[in-house]
Amino acid sequence: EDQVTQSPEALRLQEGESSSLNCSYTVSGLRGLFWYRQDPGKGPEFLFTLYSAGEEKEKERLKATLTKKESFLHITAPKPEDSATYLCAVRGGGSQGNLIFGKGTKLSVKP
Amino acid sequence: GAGVSQSPSNKVTEKGKDVELRCDPISGHTALYWYRQSLGQGLEFLIYFQGNSAPDKSGLPSDRFSAERTGGSVSTLTIQRTQQEDSAVYLCASSPAQNQPQHFGDGTRLSIL
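Note that the protein sequences, when read in sequence, are chains Y and P.
Per this note's numbering, the first sequence starts with residue 1, numbered consecutively.
Per this note's numbering, the second sequence starts with residue 1001, numbered consecutively.
Because the hints were derived from the structure by calculation, they are not lab data.
One or more of the hints may lead you astray.
To be verified - With a straight-line cut-off of 25 Å between C-alpha atoms, the simulated DSS-like cross-links for lysine-lysine are: (1) Y:K63 x Y:K79; (2) P:K1011 x Y:K42; (3) P:K1057 x Y:K103; (4) Y:K42 x Y:K110; (5) Y:K57 x Y:K69.
Sequences are here, hints too, so could you generate the full structure?
So, in structure tokens, the structure goes:
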């Protein structure tokens, strides 16, 4: 069964304190790993797609990496506006299109 | 451009009533998905439409749930005889094709009294 586990559940950082969020996955035939950002009361906002081990994507202070078992979302010198819940999802080979989501990491960045 | 639009944004109803939730996908997107997000839980897949193909209904939790997509655009998710455990945020997403990133609406927050 395809499964996604995110850690930690919650993370508190001071502004400028870099850290990483983890997404461990078990999937039959990975066809994409996706990172989303979700603000309270809003739908998930697409950040990155990674398809193969070794791939990396960057956007502003965020960098996503992928291995055969997990993905990391690195946050460099975060700002308070980076506070949100970050969701990881995978699409497996048996999927017709739907994503399997983790429960997310709630990030709080204090000034 | 316009994103995925969902209505209503909030819905409060009594147990046993039927509800209809609407999703307007991004224009030109052939794939449309419904998910459910319960408090403290991850997003749970419900149903997937791709063009004119038969929908993937494998995520629907019971036969009280159904969905349709008219003209390859607007979709309606219907929940009959609502139960308290149906309370959740129902999210709709669309993508240009099956393997493209999904773009989400802001959801309908459904509360069953």
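Status of each hint after checking the structure:
{"no.": "1", "hint": "Y:K63 x Y:K79", "in the structure": "holds (15 Å)"}
{"no.": "2", "hint": "P:K1011 x Y:K42", "in the structure": "holds (16 Å)"}
{"no.": "3", "hint": "P:K1057 x Y:K103", "in the structure": "holds (22 Å)"}
{"no.": "4", "hint": "Y:K42 x Y:K110", "in the structure": "holds (21 Å)"}
{"no.": "5", "hint": "Y:K57 x Y:K69", "in the structure": "holds (17 Å)"}
In terms of the numbered hints stated before, the structure departs from none.
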